[in-house]
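Trainee: Go ahead and model the full structure; you've got the sequences and the hints to work with.
Residue numbers (this note's numbering), protein chains in the order written: chain E, 19 to 314; chain R, 19 to 314; chain W, 19 to 314; chain P, 19 to 314.
FYI, nobody ran anything at the bench for these hints, they're computed from the structure.
Heads up, some of the hints might be wrong.
If chains are identical, the list can't say which one is meant, so a pair holds when it fits in one copy or spans any two.
[Unchecked claim] Only pairs whose alpha carbons sit at most 20 Å apart, straight line, appear in this in silico SDA-like list of lysine to any residue:
1. Lys166 <-> Ser260
2. Lys257 <-> Gly290
3. Lys174 <-> Asp86
4. Lys174 <-> Gln226
5. Lys53 <-> Lys245
6. Lys257 <-> Glu59
7. Lys174 <-> Ser225
8. Lys257 <-> Asn85
9. Lys257 <-> Ser268
10. Lys166 <-> Gln226
11. Lys257 <-> Ala118
12. Lys257 <-> Leu269
13. Lys174 <-> Gly227
14. Lys166 <-> Ile219
15. Lys166 <-> Gln222
16. Lys174 <-> Ile219
17. Lys245 <-> Arg293
18. Lys174 <-> Gln222
19. Lys174 <-> His42
20. Lys257 <-> Arg267
21. Lys53 <-> Cys64
22. Lys257 <-> Glu91
23. Lys245 <-> Asp235
Take a look at the letters that make up each chain.
Number of protein chains: 4
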Amino acid sequence: MRAAFIGLGVMGFPMAGHLQSAGHQVTVYNRSAAKADAWVERYGGCTAPTPAEAAQGADVVMTCVGNDHDVREVVLGVHGALLAMSAGSVLVDHTTASAALARELAAASAASGVGFLDAPVSGGQQGAEGGRLSIMVGGEEATYERIKPVLAAYGKAITRIGPVGSGQLTKMVNQICLAGLTQALAEALAFVEHAGLDGSIVLQAISQGAAQSWMMDHRAGTMLDDKFDFGFAVNWMRKDLSICLDTARSLGASLPVTAVVDQFFADLQRDGGGRRDITSLIRRLRGSDVATPAVD
Amino acid sequence: MRAAFIGLGVMGFPMAGHLQSAGHQVTVYNRSAAKADAWVERYGGCTAPTPAEAAQGADVVMTCVGNDHDVREVVLGVHGALLAMSAGSVLVDHTTASAALARELAAASAASGVGFLDAPVSGGQQGAEGGRLSIMVGGEEATYERIKPVLAAYGKAITRIGPVGSGQLTKMVNQICLAGLTQALAEALAFVEHAGLDGSIVLQAISQGAAQSWMMDHRAGTMLDDKFDFGFAVNWMRKDLSICLDTARSLGASLPVTAVVDQFFADLQRDGGGRRDITSLIRRLRGSDVATPAVD
Amino acid sequence: MRAAFIGLGVMGFPMAGHLQSAGHQVTVYNRSAAKADAWVERYGGCTAPTPAEAAQGADVVMTCVGNDHDVREVVLGVHGALLAMSAGSVLVDHTTASAALARELAAASAASGVGFLDAPVSGGQQGAEGGRLSIMVGGEEATYERIKPVLAAYGKAITRIGPVGSGQLTKMVNQICLAGLTQALAEALAFVEHAGLDGSIVLQAISQGAAQSWMMDHRAGTMLDDKFDFGFAVNWMRKDLSICLDTARSLGASLPVTAVVDQFFADLQRDGGGRRDITSLIRRLRGSDVATPAVD
Amino acid sequence: MRAAFIGLGVMGFPMAGHLQSAGHQVTVYNRSAAKADAWVERYGGCTAPTPAEAAQGADVVMTCVGNDHDVREVVLGVHGALLAMSAGSVLVDHTTASAALARELAAASAASGVGFLDAPVSGGQQGAEGGRLSIMVGGEEATYERIKPVLAAYGKAITRIGPVGSGQLTKMVNQICLAGLTQALAEALAFVEHAGLDGSIVLQAISQGAAQSWMMDHRAGTMLDDKFDFGFAVNWMRKDLSICLDTARSLGASLPVTAVVDQFFADLQRDGGGRRDITSLIRRLRGSDVATPAVD
Ligand SMILES: NC(=O)C1=CN([C@@H]2O[C@H](COP(=O)(O)OP(=O)(O)OC[C@H]3O[C@@H](n4cnc5c(N)ncnc54)[C@H](OP(=O)(O)O)[C@@H]3O)[C@@H](O)[C@H]2O)C=CC1
Ligand SMILES: NC(=O)C1=CN([C@@H]2O[C@H](COP(=O)(O)OP(=O)(O)OC[C@H]3O[C@@H](n4cnc5c(N)ncnc54)[C@H](OP(=O)(O)O)[C@@H]3O)[C@@H](O)[C@H]2O)C=CC1
Ligand SMILES: NC(=O)C1=CN([C@@H]2O[C@H](COP(=O)(O)OP(=O)(O)OC[C@H]3O[C@@H](n4cnc5c(N)ncnc54)[C@H](OP(=O)(O)O)[C@@H]3O)[C@@H](O)[C@H]2O)C=CC1
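Mentor: Listed below in structure tokens is the structure:
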């Protein structure tokens, strides 16, 4: 297929690479052109100076930029991709964004005969690089079936949840689980430290039971080692939680622990730790004697 | 070995049974005698009218009662087990209790030449019945090595954490993880319901990633089905969190999310749900089925 | 002066009335015309079919509508007031809105030679009717001095805080104080009820000391009486807290208790209580009158 | 009257002084004798080497020590006051302690024909020194009426709430109000700082309205000035909140914001600020660039 990929950040760069490697003809666009050039040098394919030019003639256009605002710019802006897309092609948004945006894009796409899928991902940089992302998709069944094989280039677990917007809603569910769970783990491990226990033995004892989680299996060790220069950044999490909390507001749902953990992330940002992994929540609980040099 | 088992509740009854089945000579004591009689009828063994008489001549004495107060009564009380225990025997407390109590019992035991292990368990009623409990042990290495084969009658994963009290501290770490994680899952699933998503598809999409947890794997479905007549009761959790919060106070640790979730459990108790599983936290987030009529 | 007043809600209706009564020539606009007609019938003055027509020839234009979106519509929309305002006139926004909106409106006004003040109020319906509102003003000193005498028609305490936006920021400070303080009072009074104390004696004993607050003096009694059909509605508070939390996000401030109380207000909305006074927070702490039957 | 006063701390020292100055014959006891000697030097009266000897022959005995444990020691211990008190005399406990302790002391007193009042105070060091404390009293009406004139030596507002224990419960109500209210004020003022507003103008604008509180009137200025070497210490507040939370547990009340603020106080203690005033909550919200040298 002819594909366009817009947004070559930490996630988009390797995703677009997998697409090209899988045999598709990929044209990329990135706001700062240097990344696009580096991508072509590494993977082949073409680059284009605007989203619209990248999308010209494409069967499928992927976007993976920062937030709602950014997606609007690269899709609906004066040089946006949608302008150039032809009837029968499909727009897939991999950005973590709002369900309202998904519905807005679906409507705009439909007006041009273009299909739309909201398809946020999880699995992080590692998942993107390894081509093993989880992809949560909202949109029409037929569109999904047509595009699923293309997404398989970088997706390991691809699930259609339901109509447009439900991909984004599912990603929010994921982030809500993650926020409270990570804070709970941080409280538990800071307690371990205050109690003077050997963290690795404690974890060995409890990690087979009801307190087990992916975060405990994969991050408790690095938390105890005070290592946070990897994973999913606090700044991204705050953006995501902002979407969750706004959405809960309109759905009439209440998220008390999510809301308070969001404020704890604000503490981390305020102290210069916005680029650290979300597990740096443990730092807030350790007290101030240990100096906290910022990552960035 | 000659063993005594004190406290034949939901947990102790099957634990003592496994002990007898494993070939030990078990004498049981239970405050309300009917349970002790039922136990003998089912498993054989003997019953005694007081903890002291049960402990007479035993190589090892297990206790599994409710809380610190109860343990003091059955161990240190006027008919308490310790009175009757002889030098060289070992006292094992399976109750979830404070580390301070563990240290108090260890000292009292030592004064009589008796060994002591604090050995709280996790795995619930199912784990006790199946003989597959996790046991977190604090106490001297030599004592532990001697008793470990006996505990294997009902323990699948038995870990010595460190000195006396560290078994209890580890159980607290487990409960701290569990409290925040369960509330996070409850918020996520109530959000699913408010958003009108299909919960089972959402779970399928996210349960392989970073939001995964034992609770998600084993309880999300029952939460969505509004089923809470099993598992670990809110009343027990509140007792355990009370120990966690008191201990954090003396250690100088801070547990903000644990503390607020503890209050949410208070809401559940107040509304008559103290015996339901802790996953009933989702009920608080669903709203009152009986509509509260608006003022206007 | 010739004045226009746009938005005759619970607050705007009496405010515009005081303006007219103070001798100004007021033209009003309200989206649903019936209220505008009722206003003219009661106070005299004129009505106009659009914000622009109301603003035509006015020396000062006041707006008091719902939120950022609404203000944009009545000021910057196709029939918006700003279109019709002439150089030298002043726009005063009494809506509780964002500081960002204030800056946006100030810039748009300046482009037409129009002055701008953000001037949110507090004091509620009673304060508006009695002409005793507190008004927190952001904007240029000279503009403020010129308009202050006009605002005195319905303002008792009128304070210029600083540059454009600082009126709105001050209102947010007010709401942040109020959210946590009201929840604290609710927790205290629900505790009084659970303890079976006589609330009026308790309040008499503590209301002269460090726990005193305006809310305790004026609302504790009505809270104990379960009366919430007056005051400041939960729905409005949630809008205001949404602005506070968004602003804190961009300022790098953290508001943990405000965030969690905002979610408690969400509980009240979900249960149909959005129009009750914010002191109805106590209802969440009282438990469901309809007993939730225990599982066993 | 012949009075004994036990516990000459920050509060007890001046309280006992007012008692002596009011014409009563006061014998004091303090654990560390130096304070007792200093007291006699300043006010006259006598000192005794044990609580029992101080209480010998007294018509009324006051205690003002640290916590439940301390009160038990000075009242019920081997040299405790109750031993020496004669039928018809009255024991008044001014310590902030549990209602359960009050009931326990009342029962023990009754067994010796001694009357009992639980009478915790508020007003702080200033109030004690100025003789202007608020006193919240639980106990029998007749006992209260007899003792009230004596308490007037240091009490400005003296209120009998109800039966034994209700003095302590009322003090808890006071502290619950205070915890959430102080955190709310701290969030608001840290927001002021982040927004770059002039705090004194903001306070002038909002302090007449619904956000007003004693804390705003008397402490907002010192909070903005980063001054915390006075007032009511974090360590005392944590003790008091521990009593509140335990009591809520047994009453079936839920205190979510109180519980989370209690953990924020734990943060302050952990960072060495236990002796600062409770308004130092604002420090947690300011970020870590500003070094925080501990008071003690
Ligand atoms: N990083 C992670 O672990 C995960 C991230 N996500 C989500 O994926 C999305 C992308 O994340 P990530 O790749 O890490 O982000 P990066 O910051 O690394 O990259 C963002 C990309 O978007 C582009 N972009 C941003 N704004 C605009 C705009 N207005 N116009 C044009 N291009 C724009 C950037 O261009 P330029 O290079 O010019 O700045 C860049 O290519 C986000 O929504 C994130 O939440 C999801 C799962 C995990
Ligand atoms: N249930 C669970 O899923 C789990 C429980 N635990 C912990 O295990 C312990 C036991 O729990 P569980 O078996 O469920 O509790 P139960 O309530 O079922 O049983 C409690 C047992 O303790 C006895 N007991 C209580 N107080 C006294 C006393 N003062 N004197 C003598 N006997 C007393 C009871 O006797 P009587 O029959 O006369 O009332 C009963 O045998 C608790 O500490 C709990 O926290 C740990 C992990 C999981
Ligand atoms: N400080 C304040 O602003 C307020 C305090 N309170 C409450 O009043 C009570 C007293 O506070 P404050 O005066 O500030 O406390 P201090 O710490 O200044 O004084 C405590 C007093 O209790 C004595 N004491 C403590 N433990 C024992 C014991 N086991 N046996 C004998 N004496 C003992 C101390 O003796 P020693 O001198 O030997 O240490 C000292 O006289 C507390 O319950 C506090 O919560 C109430 C309102 C305001």
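Trainee: All the hints need checking, so say for each whether the structure fits it.
Mentor: Each hint, compared with the structure:
1. When the C-alpha separation of Lys166 and Ser260 is checked against a cutoff of 20 Å, the pair qualifies neither within a copy, at 29 Å, nor between copies, at 38 Å.
2. For the identical chains of this complex, Lys257 and Gly290 are intra-copy neighbours only, at 16 Å inside a copy versus 29 Å across copies, given an alpha-carbon limit of 20 Å.
3. In this homomeric assembly, Lys174 and Asp86 never come within 20 Å of each other (Cα to Cα): the closest approach is 25 Å inside a single copy and 43 Å across copies.
4. For the identical chains of this complex, Lys174 and Gln226 are inter-copy neighbours only, at 10 Å across copies versus 26 Å inside a copy, given an alpha-carbon limit of 20 Å.
5. In this homomeric assembly, Lys53 and Lys245 never come within 20 Å of each other (Cα to Cα): the closest approach is 28 Å inside a single copy and 51 Å across copies.
6. Taking the shortest alpha-carbon separations for Lys257 and Glu59, neither the intra-copy value of 32 Å nor the inter-copy value of 50 Å comes in at or below 20 Å.
7. Within a single copy, Lys174 and Ser225 get their C-alpha atoms only as close as 26 Å, which misses the 20 Å cut-off; across copies the closest is 13 Å, which meets it.
8. With identical chains, the CA atoms of Lys257 and Asn85 are at most 20 Å apart within one copy only, with a shortest distance of 8 Å there and 23 Å across copies.
9. Both within a single protomer and between protomers do Lys257 and Ser268 lie at most 20 Å apart by alpha-carbon distance, with minima of 17 Å and 11 Å respectively.
10. In this homomeric assembly, Lys166 and Gln226 come within 20 Å of each other (Cα to Cα) only across copies, at 19 Å, whereas the closest approach inside a single copy is 35 Å.
11. In the homo-oligomer, the alpha carbons of Lys257 and Ala118 lie at most 20 Å apart both inside one protomer (15 Å) and across protomers (19 Å), since each shortest distance falls under that limit.
12. With identical chains, the CA atoms of Lys257 and Leu269 are at most 20 Å apart both within one copy (18 Å) and between copies (14 Å).
13. For the homomeric pair Lys174 and Gly227, the shortest alpha-carbon distance between copies (11 Å) is at most 20 Å, but the shortest distance inside one copy (27 Å) is not.
14. In the homo-oligomer, the alpha carbons of Lys166 and Ile219 lie at most 20 Å apart only across protomers (17 Å), although the nearest pairing inside one protomer, at 43 Å, exceeds that limit.
15. In this assembly of identical chains, the alpha carbons of Lys166 and Gln222 lie at most 20 Å apart only when taken from different copies (17 Å versus 39 Å within one copy).
16. Taking the shortest Cα distances, Lys174 and Ile219 sit within 20 Å of each other only across copies (16 Å), while inside one copy they are farther apart (33 Å).
17. Taking the shortest alpha-carbon separations for Lys245 and Arg293, only the intra-copy value of 12 Å comes in at or below 20 Å, while the best inter-copy value is 33 Å.
18. Taking CA atoms no more than 20 Å apart as the test, Lys174 paired with Gln222 passes between copies only; the shortest distance there is 13 Å, against 29 Å inside one copy.
19. For a Cα distance limit of 20 Å, the shortest separation of Lys174 from His42 inside one copy, 18 Å, qualifies, whereas the shortest one across copies, 51 Å, does not.
20. In this homomeric assembly, Lys257 and Arg267 come within 20 Å of each other (Cα to Cα) both inside a single copy, at 16 Å, and across copies, at 10 Å.
21. When the C-alpha separation of Lys53 and Cys64 is checked against a cutoff of 20 Å, the pair qualifies only within one copy, where the shortest distance is 12 Å, while the shortest distance between copies is 62 Å.
22. Only within a single protomer do Lys257 and Glu91 lie at most 20 Å apart by alpha-carbon distance; the minimum there is 18 Å, versus 27 Å between protomers.
23. In this assembly of identical chains, Lys245 and Asp235 lie within 20 Å of each other by CA distance solely inside one copy; the values are 15 Å within and 28 Å between copies.
In summary, the numbered hints that this structure violates are 1, 3, 5 and 6.
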